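2 protein chains.
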Amino acid sequence: MTLPVLVLGGGPAGLSAAHALAAIGQRVLLVEKEDRLGGAPILSGYAKLVPSGEWARDAIGGMVARVEGDPLIEVRRGAKVAAFSGGPGAFQAKLSSGETTNVGAAILCTGFTHFDSVNKPEWGFGTYPDVVTTTQVEQMFSSGKGVRCPSDGRKPERVAILLCVGSRDRQIGREWCSKICCTVSANLAMEIREELPNCHVYIYYMDIRTFGLNEGLYYWESQEKYKVKYIKARIAEVTSDGKRLIVKGEDTLVKRPITIPFDMVVHAIGMDPNVENFTIGAIFDVKLQKHGHIDRASIYSATGGTSRPGVFVAGAATGPETIDDSIAQGQGAAMAAFALVRGGAQQAAE
Amino acid sequence: MTLPVLVLGGGPAGLSAAHALAAIGQRVLLVEKEDRLGGAPILSGYAKLVPSGEWARDAIGGMVARVEGDPLIEVRRGAKVAAFSGGPGAFQAKLSSGETTNVGAAILCTGFTHFDSVNKPEWGFGTYPDVVTTTQVEQMFSSGKGVRCPSDGRKPERVAILLCVGSRDRQIGREWCSKICCTVSANLAMEIREELPNCHVYIYYMDIRTFGLNEGLYYWESQEKYKVKYIKARIAEVTSDGKRLIVKGEDTLVKRPITIPFDMVVHAIGMDPNVENFTIGAIFDVKLQKHGHIDRASIYSATGGTSRPGVFVAGAATGPETIDDSIAQGQGAAMAAFALVRGGAQQAAE
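Protein sequences, first through last, are from chains A and B. Taking my numbering, I'd label the letters of the first sequence as residues 164 to 513. Taking my numbering, I'd label the letters of the second sequence as residues 164 to 513.
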């Protein structure tokens, strides 16, 4: 019997990797630092996912239930890996609980950290209660309460969604694009219009990146069916006139300053590298990319690999990623890890 | 011993799936309609891939060599699947050669068809020899000849790359975004500037979609290091003044008509659904999406699945896709197919 595969992180990528391994008879030790599985979609209370339209609690919740019910998967919640030594096929992992275990391979599915909007203070978050994040709007939907202004509980009549908060912003050290916020924001805009048909929803953007088939599903659908308005703009600041929030900026298409009042302003927050990546990288002795994402080995010869043989990676740990691709990558890394533990340590040198 | 898994298509996704299966001891029958493996990157002669920067002939060529040298993988070139019957764990595939074989599962890795620029005649392709496609520019690089005007072999001093040719264009029935052309075009622009430092390169765009970490690697790098110029424009037509090509349109940022001469105009062609998908869909009895891409089952419960149990799908067959994600999806679908053939047909009903 082969040693278990260590999967670090219980979000979509980790759940996918764990299930895929168990489905072919491979034992798994799944270690999650939070006290429940599901990753960002569950822990942050996402509503309907893109592009499936399924509720996160059903879609990802179903993945959680499948993993929790699998006798081949042992789960350690509220635990971290404190030390990791050995080589491919024969690693030793020491958990924060003190437990020590032998594993054949490891898959890092450690995801990302939501950008904290207080790092973009001129856009009003933390100053005005009705400036919220996309995650908060997700929670308004998933809680069943609907979209309400936090200040007084009223239904907003005018909502602005500001894209690229914590993305494509080199002033605050985040030059990357977070890949999925455009599509998520278009989806939320449609959801708001569905719940509040009299609410006007504006999306402030630099470029709309509803790539692939999302173009038809979100970009066109939001404009044509839901009458969401898109403004290409450079935003200067979000202030208040005492009654309403004021978004000031420059419309870069008409080259004029624009000042528009809103009841609610939503920051479409990006994906930072997991704040623990430097620690994780050191413990697992894997290279990081320049911004702190986990570096990948050549995907052509060793898909799912890291700089260390026997340690694999999947999902947003490597950079901003969609849930769908995180799941595929988790499954793919599982395949690579299984090939290793099945073939024994000698294959690792290939 | 389990039946082999049929992998249809020998591009990145199919090569990845075949290798992943063989790496864990599973036999594969790889069927490719062309007379060589490698898919679009090899058959169309791509140059350096994004985002790895590796040459396609090395990166994908290496994947081909690995598959061709694997005793567990039988390859049928110049062959198609003519009929496919049976159920999960026990399918019968009849090839165009007349060969009939039993397989446990199938993975459709049938990729895409490059958009044919003659379907956008007002942009000059087919009329002017110096209007070329991104694929042709890739071939100029991969052949080692460098970027030259087809009409007379001269080095172009001014090159325009037009994005979204056959993408985001509902006038010609293609509403989707092809996902990777922005990044590929930024990369080609940098390559042109590298080879011809005196050549001015312009990219005409609607939105720049260098998503994720590509933002720093291509969008900023191309502008700051390589001085590539980006023009947000609506293009009307490409004509000629007898000496040079003339790109006419409207600069949508300054709201003025722009008419700029170039030596070479490059169409950044998109990804059409594989033109054979209607046939493939009928033979394998799998559902297609509305534009003809192969439809996926829920990715949360059955990653890599199609509407038919035991038939899986990976890569650009499901919609515009990157090479990296196609490879991950191929590996993921391999995992799902292996779980099926290993567990026998009864698992398919789960």
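A hint or two may mislead.
A pair holds if it fits inside one copy or across any two, identical chains being indistinguishable in the list.
Stated by the list, open to error - SDA-like, lysine to any residue: derived pairs with alpha carbons at most 25 Å apart:
1. K411 <-> L235
2. K395 <-> L380
3. K395 <-> L376
4. K395 <-> V417
5. K395 <-> L416
The hints are simulated quantities; they were obtained by calculation from the structure and are not laboratory data. Everything numeric in this text was worked out from a predicted model, so none of it was measured.
Tested hints:
| no. | hint | verdict |
| --- | --- | --- |
| 1 | K411 <-> L235 | neither (55 Å within a copy, 63 Å between copies) |
| 2 | K395 <-> L380 | both (20 Å within a copy, 23 Å between copies) |
| 3 | K395 <-> L376 | both (22 Å within a copy, 22 Å between copies) |
| 4 | K395 <-> V417 | both (9 Å within a copy, 13 Å between copies) |
| 5 | K395 <-> L416 | both (6 Å within a copy, 10 Å between copies) |
Taken one by one, the earlier hints fail for this structure only at number 1.
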